[in-house]
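Student: Using the sequences provided together with the hints, build the complete structure.
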Amino acid sequence: MSAAPKSGGAKGEAKVLSPSEIAKDLLISGLITVPILVPIVAIRTQLDQGILTWHSRFWLAGLLGALVVIGRGLMYVFVWNPRAAAALDIAAPDAVVVPKIKLSRIILSWVLPLIIVAILIANARYIFAGLILVLIAGREALRIVFPDRKLSDLIGPYVAPGLLVFGIMLPIVAHLGKAYGVELPNFGELRLIDLAGYILIYIMLGWGLNVVVGLAGLLDLGYVAFYAVGAYSYALLSTVYFPRWFGVGIVPYAFYVTLPVAGLLAGLWGVILGFPVLRLRGDYLAIVTLAFGEIIRLVLINWFSFTSGPQGINVPKLTFFGYTFKQDADGDYSEFSKFISDHFFPLAYDRIHSYIFLYYVIFALALVTYFVTKRLRRLPIGRAWEALREDEIACRSLGINTTNTKLTAFAIGAMFGGFAGSFFAARQGFISPESFVYLESALILAIVVLGGLGSPIGIVFSATAIMGSFEVFRELGSAGDAIKSMMGETVGGWLSWLFAQFPTQLQDSFIGTDPVQFRMIAVGMAMVVMMLFRPRGFVTKREPTVYLKEKKSISGDMVAEGHG
Amino acid sequence: MYFLQQLINGLTLGSIYGLIAIGYTMVYGIIGMINFAHGDVFMVGSITTFIVLLMFALTGGSGPFAIALALALVIAISMAVAATFNWTIERVAYRPLRGSFRLAPLISSIGMSIVLQEFVRIAQEGRSKPIQPIIKGKFVLMTKSVGTQDFAVTLSYMQIGIILSTLVLMTVFTLIIQRTALGRAQRACEQDTKMAALLGINVDRTISITFILGAILAAFAGFMFFMYYNVTDFHVGFAAGIKAFTAAVLGGIGSIPGAMLGGMLIGLIEVMWSAYFSVEYKDVAAFTILVLVLIFMPQGLLGKPEVEKI
Amino acid sequence: MMREWDNSPELEVQHLTMRFGGLVAIGDLSFNVARKQITALIGPNGAGKTTVFNCITGFYKPTEGMLKLNHDNGKQFLLERMDDFRVNREAHVARTFQNIRLFSGMTVVENLMVAQHNTLMKASGYTIGALLGLGSYKRAAAEALDKASYWLEKVNLIDRADDPAGDLSYGAQRRLEIARAMCTNPRLLCLDEPAAGLNPQESGELNKLLRTIRDEHNAAILLIEHDMSVVMGISDHIVVLDYGRKIADGTPAEVKIDPAVIRAYLGVEDEEDEELVEEAIVAVAPAPIAATKPAPTKQAPAKPAPAKKPVKAKAPAKKAARK
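These protein sequences, in sequence, are chains A, B and C.
For the first sequence, the working numbering begins at 1 and goes up steadily by one.
For the second sequence, the working numbering begins at 1 and goes up steadily by one.
For the third sequence, the working numbering begins at 1 and goes up steadily by one.
Check before you lean on any hint, since a few could be wrong.
Short, incomplete list of chain A residues facing chain C, as computed with Cβ under 8 Å [claimed, not checked]: (1) E140; (2) R143; (3) L398; (4) T464; (5) K549.
The calculated lysine-lysine pairs, modelled on BS3-like cross-linking and capped at a C-alpha distance of 30 Å, are [what the hints assert, rightly or not]: (6) A:K551 with C:K138; (7) C:K154 with C:K208; (8) A:K374 with C:K36; (9) A:K374 with C:K75; (10) C:K208 with C:K138; (11) C:K154 with A:K551; (12) A:K374 with A:K541; (13) C:K147 with A:K551; (14) A:K338 with A:K178; (15) A:K178 with A:K374; (16) C:K75 with A:K551; (17) A:K552 with C:K147; (18) C:K138 with C:K36.
Note that these hints are calculated values from the structure, not bench results.
From the three backbone atoms N, C-alpha and C, an ideal C-beta is built for every residue, glycine too.
Tutor: The following block contains the structure:
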C-alpha cells in the first residue's frame with residue numbers, strides 16, 4: 001500500500017517484478033535518500049557559546065540510508081512480491097495481501113506475547129506473565145467454543161463496560177497493589193495514577209473534538225483554542241474576578257463554580273468562531289480553524305495586562321469541595337484527610353490523595369462527556385450531524401438548517417474542550433500560552449482520526465496509545481539502561497554485548513540521544529502510516545442510532561468522512 | 001519616507017511569500033489538496049542554505065566571483081534537497097491516498113509537516129533556539145537617500161536581488177505554464193484529471209513535476225529568506241506556510257500571478273502593520289486576513305468563482 | 001384556452017431566467033404545475049431541466065423570474081427568494097437528485113428519520129428537553145418510526161430497513177430517495193430522473209408509486225425524465241424544454257405529435273422521414289392510459305397536423321412487439 005511501485009497507480013494489481021526491476025527500484029530509493037539525508041543529517045551544526053561549528057557524520061546518513069533500502073527490500077520480499085512470498089512458502093502466489101496479514105497476525109498474536117511472557121518470567125514478574133497467559137488462553141477458548149464468530153463481534157459489547165470498570169478500579173487496584181508490593185516496573189502508584197489522569201484529559205478532549213470531526217465531519221484544527229478558553233477562564237475567574245466580586249473565601253470552591261461558566265464561555269467562543277467559517281469546506285475549513293487557534297494563542301501571549309502573557313498565571317489547585325490537599329504544618333494531616341478523619345475513618349496525610357481525587361474528577365468529567373455525546377447521537381441533532389457528514393446538500397434538501405447544525409456541533413465540542421481546559425488548569429496549578437500550541441490541536445485530531453469513524457471506544461484506545469507512548473519514550477531514557485530495565489538482566493546482557501559491537505560513534509550518538517525527542521516525530525509518522533494502512537482508524541464499524549428490527553453495523557467503507 | 005522604506009521592506013518580504021505561495025497554488029490546483037508540508041519544504045531550503053553556507057565558510061574577504069559561484073552552488077543544492085523532499089512526500093504520503101477518503105490526505109499531510117519539522121529539529125539539534133550565524137560583510141548596504149537629510153531610505157543589494165529574481169522566476173514559470181507541453185499537461189490535469197489521463201497525459205508524472213517545481217521555488221525563497229534575515233530555525237515553515245497559503249488564497253487559488261500578487265500584499269500588510277501598529281500582533285494581522293478572505297472572497301482576487309454542480 | 005393547470009396551480013413558474021455569466025441556461029420560462037397532477041419536464045440533454053429544479057428548490061437564485069407556490073390552504077410562497085432548506089421546511093417542496101444523494105453510511109430507516117428532523121427537533125425541545133428527559137420525544141420518535149415504516153412498505157423496502165443505504169441496488173436507492181422525500185410531507189415533489197437506470201419492471205412499479213402519491217397524498221409531482229414510457233405513461237401534463245426555452249406545453253397527446261418537439265429530439269426536417277418519425281414516437285409511447293383522471297382538455301387545434309395520415313394500421317402491431 002505504501003509507495004509500492006505499481007503500474008499506473010492502480011491499487012491492488014499484483015504485478016510481479018523481476019529481480020532486476022526490484023534491484024533498480026532499490027537503487028533509486030537509495031539514491032533518493034542521499035539529498036534527504038545529506039546535508040541535514042550528515043552535517044551537524046552546533047552553537048557553542050555563540051560560535052557556530054559543524055562536523056560531519058556521514059556514517060549516520062549512510063546507516064539511515066541503508067536502513068531505508070534494506071527495509072524496502074524486505075517489503076519486497078515479504079509483502080509486495082508474490083513470487084518471493086511463494087518461494088518462502090508463506091502464501092499463495094497470486095495473493096499479494098495475504099502474506100502480509102498472515103505473517104503479522106502470527107507475530108502479533110503469538111510470537112510477541114510469548115516473548116514478553118518469557119521475559120517477564122525471566123525477571124520473576126510472575127503475576128504479569130500469568131495475566132498475559134490467561135488472556136491468551138481465554139482468547140483461544142473463545143475461538144474454540146465459537147468457531148464461526150469473529151472475535152471482535154464476541155468481545156465487542158463487553159469492551160465499553162469493561163473499560164468503565166477498569167477505569168473505576170484503576171486507582172484502587174494500584175493503591176492496593178502498592179500495599180502488597182505489586183507494582184509495574186518504573187510506574188509506581190503515584191506515577192501511574194497521574195499518568196492515567198493525564199490520559200483521561202486527552203480522552204475527554206478526543207470525545208469533545210469527536211463531535212465536530214467524527215460526527216459532523218467538520219475539520220477543526222484549532223480545537224486547542226477552546227481548551228485555552230476553558231483554562232484561562234478558570235485562571236482569571238478564580239484569581240481575579242471571583243475574589244473581587246465574592247471575596248477571597250470563594251477561592252477553594254472556585255473550580256466548582258467556574259466549571260460551568262468556563263464551559264459556557266468556551267461554547268460561546270465555539271459559536272463565534274464557527275459562525276464565519278460555516279460555508280467553508282475541507283482543507284479551507286481546516287486552515288481557517290488553524291488560523292483561529294493561532295490567533296487566540298498569540299493574543300494570549302501578547303495581551304499582557306489581561307493574561308500575563310508568557311509568564312502565565314498561577315491558579316489555585318483543585319480542592320476536595322473546599323478542603324485542600326496540602327500537607328499542614330505538623331505534617332500529619334491535610335485539610336482533606338482531617339475532614340475524613342473527623343467524619344469517617346482515620347486518615348493520615350498521603351501525597352497520593354490529591355492524585356486519586358484528581359483522577360476521579362477527570363474520570364467523572366470524561367464520563368459526562370461520553371454519556372452526553374452518546375445521548376446526543378441518538379437525538380435528532382446527532383443524526384443531523386452524521387447526515388451532514390454524509391451529504392450536506394441532501395440535508396438541506398430535507399429542510400435541515402445545516403448552519404445551525406454546524407454551529408451546534410462547534411458549540412458542544414467547544415464546551416467540552418472548555419471543561420477539560422478548566423480541569424487542566426486546576427490540576428497543574430499553572431497555565432501559560434505555551435500549553436496551547438497548534439501541535440496540541442494536531443495531536444487531538446490525530447487521536448480522533450486514529451480512533452476511527454467517530455467511535456468513542458476507538459478514541460480511548462488511540463488516546464492511550466499516543467499519550468501513553470510518550471511516557472514509554474520518556475522511560476527509554478538512555479538506551480542501555482532502558483533496555484536493561486525493560487528486559488531484565490539476562491536478555492539485557494546479550495543486547496548490551498551486541499550493542500558494544502557497534503562503532504563507538506554510533507553508541508555515543510545513541511546513548512546520548514534523549515528518546516523523548518523522538519515522540520513528536522513518531523506521532524507524525526504514525527499519522528501518515530495509519531492513513532496509508534488503516535485510514536478509517538482502529539474501529540471500522542458504525543452503529544446505527546435507530547433500527548426497525550435488527551441492529552446491523554455498517555462497514556467503514558461506506559461511511560463518509562465529511563467534507564469539512 | 002518611513003513609508004517608502006516600509007514599502008520596500010514589504011515588497012521584499014512579499015516576494016518571499018509569493019514564491020512559496022506559488023507552490024501552494026500549483027499543488028492545490030492540480031490535486032485539490034493543501035500540502036501542509038510545503039511551508040516546511042521552504043524551511044528545509046533555508047536550513048540547507050545555512051548548512052552549506054557554513055561549510056563553504058564564506059567570509060567577507062572572498063572575491064566576488066568566488067562568492068557568486070558558491071552562492072549558485074548553494075542555491076542548486078538547496079533546490080535539489082527541497083525538491084527531493086517534496087517529491088518523496090508526494091510519492092509516500094499523498095499518491096497512495098489519492099482515491100481515498102477526504103480526510104486521509106489531509107491528515108497525512110499534517111503528519112508529514114510534523115515529521116519534517118521534527119526531522120530537522122532532531123538532526124540539527126536546533127531544539128527551540130534559533131540558529132544565529134552572522135555572515136557579515138558580504139553585502140554592503142547601499143544607501144539611496146530620498147528625502148530629508150535626517151532619514152535615508154535604504155535599498156540594499158539584497159532587497160534588489162530578491163525582488164528582481166522573484167520577478168524573473170515568476171515570468172519564467174508563467175511562460176512554462178503557458179507555452180510548454182508540461183504546462184499544458186498541468187493545466188489539463190487541473191481541469192480534469194481523468195480526461196487528461198484518457199488523452200494520454202502521464203498524470204502521475206505531471207503531478208510529481210508540479211511538486212518538484214513548487215519545491216524549487218520554495219527552496220529559492222528559503223535561500224533568499226536566509227540571506228536576508230541571516231537567521232533560520234526549524235520552525236520558520238509554520239508561520240511562513242500559513243501566510244503563504246493566505247497569499248495563495250488571496251490571489252486566487254490556482255492562479256500563479258495571483259499567488260505572487262497575494263504574496264506581495266501579505267508582505268506589505270505585515271510590514272506596514274508592524275511599522276504602524278504593533279509588532280507583536282503582526283502574525284495576527286496576517287491570519288486575520290486569511291479568515292476574512294476565506295469568508296468573504298474565497299475565490300480570491302484573480303480567481304474564478306466556483307459553481308458547484310448539484 | 002384555460003387548462004386545468006392554469007386554474008389554481010400549485011406552482012407558477014413565471015419568466016424564469018437563469019444566467020451563468022454569459023451563458024443563458026434558462027430563458028424566459030413560464031409554465032404551471034397543477035395540484036394532484038403529474039407534470040413532466042422533458043427535453044434533450046443540456047436543455048436546462050435540472051437547473052429549473054435547482055431554481056425551484058432554492059439551490060440556485062434565479063437571475064430573473066418568479067416562482068410562486070400556492071398551498072391549497074391559501075398560503076403562498078415566493079420560492080425564488082427562499083433558502084434551499086426553507087423551501088423544504090416552510091414551502092414543503094421536496095426533491096430527489098439526478099445522482100442519488102443518499103446517506104450511504106446510514107441505514108435505510110435512519111435516512112428516513114433524518115428526513116423527519118424538523119418534527120423531531122421540535123418534539124425534543126430542540127434537544128435540551130430530550131436531554132433533560134422530558135417526555136414527548138419518545139412518542140414523537142415512535143411516530144416517526146411508524147411513518148418511516150409506512151413509506152418503506154409503500155416503496156417495497158421494508159425488508160431492507162436496517163441495511164446500510166449504500167448496500168441497496170440502484171433501483172432500490174432511487175425508491176429510497178423518493179420515500180425519504182415523502183417523509184417531509186411535501187406538497188410539491190420534484191423528481192430528477194427517477195427512472196434512470198431502472199429496468200422495465202421497475203419503471204412500471206415506479207409509475208404505480210407515483211400515481212399513488214399523486215392520488216392519495218395531495219401532492220403535485222414535477223418530474224424530469226428521459227424514459228418516455230414513464231413520461232407518456234403517467235404524466236398529466238408535459239412541458240418540453242430545449243436550450244433553456246419552452247418549446248411545447250400540453251397534454252401527452254398534444255406534445256407527442258408536436259413537430260417542434262420532434263425536431264428538438266430527432267432533428268428531422270425532411271418530409272419523407274416524418275412518417276417514420278411518427279411511427280417511432282407512437283411505438284415508444286403507448287396510448288395515454290385511461291387510468292389518468294379525465295381531464296377536461298380541449299383538443300389542440302392550433303398546431304398544423306402533419307400532412308401524412310397517422311399510420312394506425314401498423315402501430316398496434318408495433319406496440320405489441322414493444323410490450
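Student: Against this structure, judge whether each hint is valid.
Tutor: Taking the hints in turn, this is what the structure says about them:
no., hint, result
1, E140, "33 Å, violated"
2, R143, "28 Å, violated"
3, L398, "5 Å, holds"
4, T464, "26 Å, violated"
5, K549, "6 Å, holds"
6, A:K551 with C:K138, "19 Å, holds"
7, C:K154 with C:K208, "10 Å, holds"
8, A:K374 with C:K36, "43 Å, violated"
9, A:K374 with C:K75, "40 Å, violated"
10, C:K208 with C:K138, "34 Å, violated"
11, C:K154 with A:K551, "22 Å, holds"
12, A:K374 with A:K541, "16 Å, holds"
13, C:K147 with A:K551, "19 Å, holds"
14, A:K338 with A:K178, "23 Å, holds"
15, A:K178 with A:K374, "36 Å, violated"
16, C:K75 with A:K551, "42 Å, violated"
17, A:K552 with C:K147, "21 Å, holds"
18, C:K138 with C:K36, "34 Å, violated"
When the structure is compared with the earlier hints, violations turn up for hints 1, 2, 4, 8, 9, 10, 15, 16 and 18 and for no others.
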